[in-house]
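Start from the sequences, fold in the hints, and give me the full structure.
In order, the protein sequence lines correspond to chains A and B.
Last residue of the first sequence: 403 in my numbering, with the numbers rising by one and none dropped.
Last residue of the second sequence: 403 in my numbering, with the numbers rising by one and none dropped.
Incorrect hints may have been included.
It does not matter which identical chain is used: a pair holds within one copy or between any two.
[Unchecked claim] Calculated pairs, DSSO-like style, for lysine-lysine (alpha carbon to alpha carbon, straight line, at most 27 Å):
{"#": "1", "residue 1": "Lys337", "residue 2": "Lys158"}
{"#": "2", "residue 1": "Lys158", "residue 2": "Lys7"}
{"#": "3", "residue 1": "Lys348", "residue 2": "Lys225"}
{"#": "4", "residue 1": "Lys384", "residue 2": "Lys62"}
{"#": "5", "residue 1": "Lys13", "residue 2": "Lys261"}
{"#": "6", "residue 1": "Lys225", "residue 2": "Lys85"}
{"#": "7", "residue 1": "Lys158", "residue 2": "Lys13"}
{"#": "8", "residue 1": "Lys261", "residue 2": "Lys348"}
{"#": "9", "residue 1": "Lys7", "residue 2": "Lys261"}
{"#": "10", "residue 1": "Lys225", "residue 2": "Lys7"}
{"#": "11", "residue 1": "Lys348", "residue 2": "Lys384"}
Honestly, the hints are just simulated from the structure, not real lab data.
Number of protein chains: 2
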Amino acid sequence: MPKRPAFAKWLDDTNDVTATFLAAGRVPGLINLGGGLPDTSVWPVPELAGLASTAVAKHAAETLAYTPVAGLPNLRDLIAKRFSGDSITLTRDNVLITSGGAQALGLLGTTLVEEGAVIAAQAPTYLGALDNWRPRRPRYRPMRLDANDLDPAKLMTGAQFAYAVPNFSNPTGKLVDTETRQSLVDAAHDTGTWLIEDDPYGALYYDAPPLPRMLDLSAEKSRNPYDGPVIYLGTVSKELAPGLRIGWVIAAPEMIKALSTAKQGADMCTSGLCQQITHDAFATGLADDMLPDILSLYRSRRDALCAAMDAHLGELYDWERPTGGMFVWATAKRPELNTDHLMKVGLEHGVCISPSSVFDPEGRDRRSVRLNFTFNAEDKLATGISRLAEATRTALAQS
Amino acid sequence: MPKRPAFAKWLDDTNDVTATFLAAGRVPGLINLGGGLPDTSVWPVPELAGLASTAVAKHAAETLAYTPVAGLPNLRDLIAKRFSGDSITLTRDNVLITSGGAQALGLLGTTLVEEGAVIAAQAPTYLGALDNWRPRRPRYRPMRLDANDLDPAKLMTGAQFAYAVPNFSNPTGKLVDTETRQSLVDAAHDTGTWLIEDDPYGALYYDAPPLPRMLDLSAEKSRNPYDGPVIYLGTVSKELAPGLRIGWVIAAPEMIKALSTAKQGADMCTSGLCQQITHDAFATGLADDMLPDILSLYRSRRDALCAAMDAHLGELYDWERPTGGMFVWATAKRPELNTDHLMKVGLEHGVCISPSSVFDPEGRDRRSVRLNFTFNAEDKLATGISRLAEATRTALAQS
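Below, the structure written as structure tokens:
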């Protein structure tokens, strides 16, 4: 058989860890602390089944036909209104509906990244963003947002965009304080560089009221409707249901227009059915009504995970208790722990974790793990952490 | 305000004609012959509403959670079985579920096309494919599949892949005969080059039984499960509903694996809700039960469009009556007609057509138009063609 054409070179540099997470979610007995999955018990199934049926029956043209590339007008209007406030005015032209939050990252890569372009990225960096931009072969300038000598303007000068998850970063679970948010926004205004505010966990505050969005902070220096440098990414995956694959971008109209051109090629439009269900879940109040129960459940699980970590991992790792989001980031006290190896040992011990290497554009950081607390019940979290302690001791003994 | 970073260069080369089509579908009074939209009356709305409700109520985990990257196992199995036959055996590993057929084209670009790579493409070429591959900046080798001196092996040597729509090509509506299909398949086996069989219109045969798929023709020289060079793309957009945004790729497992890696970055997974509805629409027979009515409706509309063309356009254009699909391709008798200009004049006359330039990678072909006959009722088709005749005379008078 003659040789097949070569695959694109970026495929050699990639990893299948996200596929491992998604698959591990279905292995019986395995406790999956590796993914970023919501709990399945939070869904109001009968209500969502009703919305799905009504969406098709009452809005056949919107749900079954192609929608406009940028999304259903009623959903774009709803998102614009939902994110408008005293400091910011948004219209439909500020909003693009995407097929999940992941698609927005891909469209930004297609739209802004030529081979070798510079991205200033909060470090460590969300795996899915790295996955998405890998085909465009960018160079990364890491931003350590809790460093004392952080100089956003220096990092952002000459970059195509800066990327941050200010609310409970994936992977570290850390909250970026208001002062740092303001400094990033100021640097974006001063340098002209776009600033991506990726915000899947923005509603998941467990202990205190939310800090202001960078989108809102930047509105002060922008015209209305909003034309500033922040590109805000939202999603229903954490608050409603990931299976709908609905996300949105809020940005200056020129950016929405460019992203729409990229989206036209990527998938023509997002499912009208899923868009209409999302619209109705917000418009009827269903999504907002779900939130208190979600927060209460995830708060208890955060507490349960941290209690189990205190009981089993205190000698092995350092970590901070997160005040929101889905993850705890734990760094091994002993530098010889290789968490890539630990991931495999963990699977043999019946627990799946995320190793730090996949959140590093260079793949070099092998000392930390990301632990998810939203997907499993409290007893499973405790068992999972106990298994992780065993697996860590095994991995250390092998190192 | 400091200058913003430049958008990626490919955005300068693109066009917004697809967005124009999708938007034109919603302008009152305008007769849209430009898009490739199905008729909205073919949808069994109550049945689909029932499937949507049942999918959520009975399969909450499948519909509301993330699915595996490659798709729901039950839908992958169903597609594998549906396309298996005497000559070909397919398994789940041969199938990737995509967010519409458009996404498959994008994933193929991400997976196979480095900047400057060669694509051998049936000419004229589907606009959406050109849109999708533009960010990767390929070079095109046009394949005129009805040329007497067609030499597929010569065209495919050194190309990353060949691309064809053998059933009622978009834009020309032409059927590629079995002999030419076989010669493309043989060339793919001989050269090792991948051969994309894009088949959105494969069920829309109005006058005769379907010709064999290139996928099936290539199975003879492949092992089972299928590991040959054909990459087959299907979709529910023409037979069920585009709003579901469900398509599939059937190919060798190594290709499905590479495309899955690209899809993980692109959108993580396709909506589980839309996948489950699609599964149930096939499994319950609903999709197959709809087909005779769709064929009958579209056959009548094809006849109505061609009758109106005979009445109004005989002096202005040459065309062939298509035996399936959604389009008639008409080429101006007078070479001075510029159909880019005609598109604008047409909009002023209340009719939207697709100009040939958008189906040419070089954008140079200005002499033809693509006319859709599936979206409008027969009287509207007649009015639309009468308006097109006027618009053509106006455009010619201005040239």
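Evaluated hints:
1. Lys337 to Lys158: Neither: 32 Å inside a chain and 61 Å across chains, both beyond 27 Å.
2. Lys158 to Lys7: Between copies only: 16 Å across chains, 47 Å inside a chain, cut-off 27 Å.
3. Lys348 to Lys225: neither (49 Å within a copy, 39 Å between copies)
4. Lys384 to Lys62: between (42 Å within a copy, 26 Å between copies)
5. Lys13 to Lys261: between (30 Å within a copy, 15 Å between copies)
6. Lys225 to Lys85: within (20 Å within a copy, 58 Å between copies)
7. Lys158 to Lys13: between (31 Å within a copy, 25 Å between copies)
8. Lys261 to Lys348: between (44 Å within a copy, 21 Å between copies)
9. Lys7 to Lys261: So lysine 7 and lysine 261 pass the 27 Å test across copies only (18 Å; inside, 41 Å).
10. Lys225 to Lys7: The answer is between: 15 Å across copies meets 27 Å, while 57 Å in one copy does not.
11. Lys348 to Lys384: within (19 Å within a copy, 64 Å between copies)
Checked against the numbered hints given earlier, this structure breaks hints 1 and 3; the rest are met.
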